[in-house]
Amino acid sequence: MPIYTIAQYKVRHQGVDKVKRAIEEFVTYVTANEPDTRMYIAWQQESDPTRFVHFFIFEDHNAHEKHRRSDAVKRFEGIYRPELDGDDVVFTDYKPIATNQDSRRIR
68 MPIYTIAQYK VRHQGVDKVK RAIEEFVTYV TANEPDTRMY IAWQQESDPT
118 RFVHFFIFED HNAHEKHRRS DAVKRFEGIY RPELDGDDVV FTDYKPIATN
168 QDSRRIR
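In our numbering, the protein residues as written are 68 to 174.
Keep in mind that a hint or two might mislead.
[Said to hold, decoys possible] Lysine to any residue pairs mimicking SDA-like chemistry, simulated, CA-CA at most 20 angstroms apart:
#	residue 1	residue 2
1	Lys141	Val97
2	Lys141	Val94
3	Lys141	Thr95
4	Lys87	Arg148
Worth flagging that the hints you see were computed from the coordinates, not collected in a lab.
With the sequences and hints as input, model every part of the structure.
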């Protein structure tokens with residue numbers, strides 16, 4: 068069963084560019100090495116560029132665990148964590164209700 072997760076966090080102003088570069092590198096890794104990560108999107112809030120949201124869909128629990136335990140996640144965490152402003156990253160799992168996308172890709 069697919070896992071749908073959103074991660075949200077805020078970084079310090081001086082860390083924004085560093086975190087953006089780390090996100091780009093990280094998503095490149097995910098694309099090349101995690102075929103069972105169906106989707107990984109990172110967004111930066113327009114009205115507050117210190118806020119980021121990541122949306123990902125994992126094929127199943129095994130894909131999620133592979134991602135979570137990867138060296139790439141550890142490297143990424145090592146870059147963004149020191150730049151966090153306030154709380155830690157908030158991860159929330161969701162279930163799909165409706166979509167205008169090909170439902171075979173999200174379910």
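Taking the hints in turn, this is what the structure says about them:
1. Lys141 / Val97: holds (13 angstroms)
2. Lys141 / Val94: holds (13 angstroms)
3. Lys141 / Thr95: holds (15 angstroms)
4. Lys87 / Arg148: Within the cut-off at roughly 13 angstroms; holds.
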